[in-house]
Amino acid sequence: MNVAVTMERTAGGAADKGAPAVAPVDNKAAAAQVGSVAVAAGGTAGGQGGRAGEWLRTLLRAVLPPVFGMVLLICLWHVATLGDSGIPGPGKTWDAAVALFSDPFYREGPNDQGIGWNVLESLKRVGIGFGIAALIGIPAGFLLGRFATLAQMMNPIISLLRPVSPLAWLPIGLLVFQRADPAATWTIFICSIWPMILNTAQGVTRVPQDYLNVARVLNLSEWKIFTKILFPAVLPYMLTGIRLSIGTAWLVIVAAEMLTGGVGIGFWVWDEWNNLKVEHIIIAIFVIGIVGLILEQMLMLVARRFSYENR
Amino acid sequence: MKKIVQIESVGQTFETKKGRFTALRDIHLDIFEGESIALIGHSGCGKSTLLNLIAGLTRPTGGVLLCDGREIAGPGPERAVVFQNHSLLPWLTCFDNVYLAVERVFSAKEPKVRLKERTREALALVGLTHAESKYPHEISGGMKQRVGIARALSMQPRILLMDEPFGALDALTRANLQDELMKILAATRATMVMVTHDVDEAVLLSDRVVMLTNGPAATIGEILEVRLERPRDRLALAHDPQFGECRAALMEFLYQKQLRVAA
Numbered sequence: 001m002n003v004a005v006t007m008e009r010t011a012g013g014a015a016d017k018g019a020p021a022v023a024p025v026d027n028k029a030a031a032a033q034v035g036s037v038a039v040a041a042g043g044t045a046g047g048q049g050g051r052a053g054e055w056l057r058t059l060l061r062a063v064l065p066p067v068f069g070m071v072l073l074i075c076l077w078h079v080a081t082l083g084d085s086g087i088p089g090p091g092k093t094w095d096a097a098v099a100l101f102s103d104p105f106y107r108e109g110p111n112d113q114g115i116g117w118n119v120l121e122s123l124k125r126v127g128i129g130f131g132i133a134a135l136i137g138i139p140a141g142f143l144l145g146r147f148a149t150l151a152q153m154m155n156p157i158i159s160l161l162r163p164v165s166p167l168a169w170l171p172i173g174l175l176v177f178q179r180a181d182p183a184a185t186w187t188i189f190i191c192s193i194w195p196m197i198l199n200t201a202q203g204v205t206r207v208p209q210d211y212l213n214v215a216r217v218l219n220l221s222e223w224k225i226f227t228k229i230l231f232p233a234v235l236p237y238m239l240t241g242i243r244l245s246i247g248t249a250w251l252v253i254v255a256a257e258m259l260t261g262g263v264g265i266g267f268w269v270w271d272e273w274n275n276l277k278v279e280h281i282i283i284a285i286f287v288i289g290i291v292g293l294i295l296e297q298m299l300m301l302v303a304r305r306f307s308y309e310n311r
Numbered sequence: 001m002k003k004i005v006q007i008e009s010v011g012q013t014f015e016t017k018k019g020r021f022t023a024l025r026d027i028h029l030d031i032f033e034g035e036s037i038a039l040i041g042h043s044g045c046g047k048s049t050l051l052n053l054i055a056g057l058t059r060p061t062g063g064v065l066l067c068d069g070r071e072i073a074g075p076g077p078e079r080a081v082v083f084q085n086h087s088l089l090p091w092l093t094c095f096d097n098v099y100l101a102v103e104r105v106f107s108a109k110e111p112k113v114r115l116k117e118r119t120r121e122a123l124a125l126v127g128l129t130h131a132e133s134k135y136p137h138e139i140s141g142g143m144k145q146r147v148g149i150a151r152a153l154s155m156q157p158r159i160l161l162m163d164e165p166f167g168a169l170d171a172l173t174r175a176n177l178q179d180e181l182m183k184i185l186a187a188t189r190a191t192m193v194m195v196t197h198d199v200d201e202a203v204l205l206s207d208r209v210v211m212l213t214n215g216p217a218a219t220i221g222e223i224l225e226v227r228l229e230r231p232r233d234r235l236a237l238a239h240d241p242q243f244g245e246c247r248a249a250l251m252e253f254l255y256q257k258q259l260r261v262a263a
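Here the protein sequences come in this chain order: W and A. Just so we're aligned: 24 in UniProt numbering is position 24 of the first sequence, and the numbers increase by one with no gaps anywhere. Just so we're aligned: 125 in UniProt numbering is position 125 of the second sequence, and the numbers increase by one with no gaps anywhere.
Some hints here could point you the wrong way.
[Stated by the list, open to error] Derived pair list, reagent style DSS-like, types lysine-lysine, alpha-carbon separation capped at 27 angstroms: (1) A:K112 x W:K224; (2) W:K224 x A:K109; (3) W:K224 x A:K134; (4) W:K224 x A:K116.
Hints listed in this document are in silico derivations from the structure and should not be mistaken for laboratory results.
Bound conformation, chain W alone (with noise of 0.2 angstroms):
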């Protein structure tokens, strides 16, 4: 492993004198051979069980805590439904969800689809709400961050209605579109705006000033200044603003859809709450659950791919 180091060194020295480029990589690649022979060397004497064994403890340590706590929620769950409470125990639940599951997308009727169209059609609902509070909140987000003055007449107005909770709104949108679908359409692009707008403002403000001295030094044309050094240092905070609206768009989905009525996954919880069938409820509430999980975790993903290191 010595052998590999130094001569690691004496690459990375020769780069740093500004060396033909080739023979550093050369010199490196010949070093991480040494190194990686090394390795395998030092496998081989320690035996091949204890690298294995490692690997296995590590993907215990990442594993077992969490079925341990899904474990525990249903040995609770079953304690509490021993007795004669009306809701269902694990047991009854898993029955139900198997037979639920087994089809999940028919249609008998406009009040009696599947699971699967009552999810899709709650995310339908959330995904236009928000994807026109993203096309409306993001450039008003970046508005608000450029021009103070705006941002001075925008805040009182923002700071006053964010609080509202979208439910609040539902009267309004079914007063001003005389239907139901797009009420909840509405309620949730109201709840989506504010992170969005608030978020992205946050960011332009935030944008360090050594990038904006680049761009002034460098004299760059105002579209410039957009896509290269604004809209990328504003990303990360926007992204944040997209997975809060996101979460509660999903949050007040079912609010929403429990009062408006039709197809939906808020919908179907009162309407098994109608039919006594409590065990559903207790599948949507898993299933809202991990959708909202799934929806959040994309994000992540998402945000991940654009958080620069070393910023």
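We have chain W already, so just place chain A on it with the hints.
Same frame as chain W, but now just chain A:
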């Protein structure tokens, strides 16, 4: 020799919460074509403020700065800046960081192929051809600073403004980059103004060292002419009596005449 930059009775005051703060006063300085100038002084004395004024990033509150006889009204491609903290855009590769500058200066009159060529030339000048597709976070601090220098040089500026460019680097990397900067300056015959608080760096790199008095209301205290032969070799200079004298003169100014009251 021709004057590139003329600084005439320039002063700079800032309005702060505690009232008016005078950073600089009565600065008179002519910068000649092809010379290297170091601005030295204790921290907070307004060295960077002066550099920013030459760059055009800030406007003076008194006096006037001229570049080629015209008033400096804002930043321009003939005055390239190398920032203290490299200020590379983290979402662009080294190549694209330099290309951004090249494109801005030359895209009106040259085809894309030539712009790319210019970018590669600038990176080659600082010995970073092999790292052109790397992102800033993938390379070392010294390499980042090189890309910053390449970006500035790629604009073919009349004058290179450097704000403590090597301040954040370790001593060995710094020495390395100083040597290379001297070579580049000799090859391109660019004019350079560098802010530094390193006495050795000031003497080694510059033809004149401009010493600023302590702030607030800092001004030019003394100007030291460094008449050492070029090319300069740091090893040979270590035993050079003239180098020692220059060093001593600077130290005397900084540590005796302008001794900072212990804060």
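Margin query: Hint check: K224 of chain W vs K109 of chain A, CA-CA at most 27 angstroms. Holds or violated?
Written below: Answer holds: K224 of chain W to K109 of chain A is near 18 angstroms, not above 27 angstroms.
Margin query: Just to be careful, I want the Cα atoms of K224 of chain W and K134 of chain A compared with a cutoff of 27 angstroms; is the pair within it?
Written below: Measuring from Cα to Cα gives roughly 21 angstroms; hence the hint holds.
Note to self: So if I understand the rule, the pair passes when the alpha-carbon distance is 27 angstroms or less; does K112 of chain A with K224 of chain W pass?
What the structure shows: Holds, because 17 angstroms separates the two Cα atoms, which is no more than 27 angstroms.
Margin query: With the threshold set at 27 angstroms, check whether the alpha-carbon distance from K224 of chain W to K116 of chain A stays at or below it.
Written below: OK: K224 of chain W and K116 of chain A at ~18 angstroms, within 27 angstroms.
This entry satisfies every hint, going by the numbered hints stated previously.
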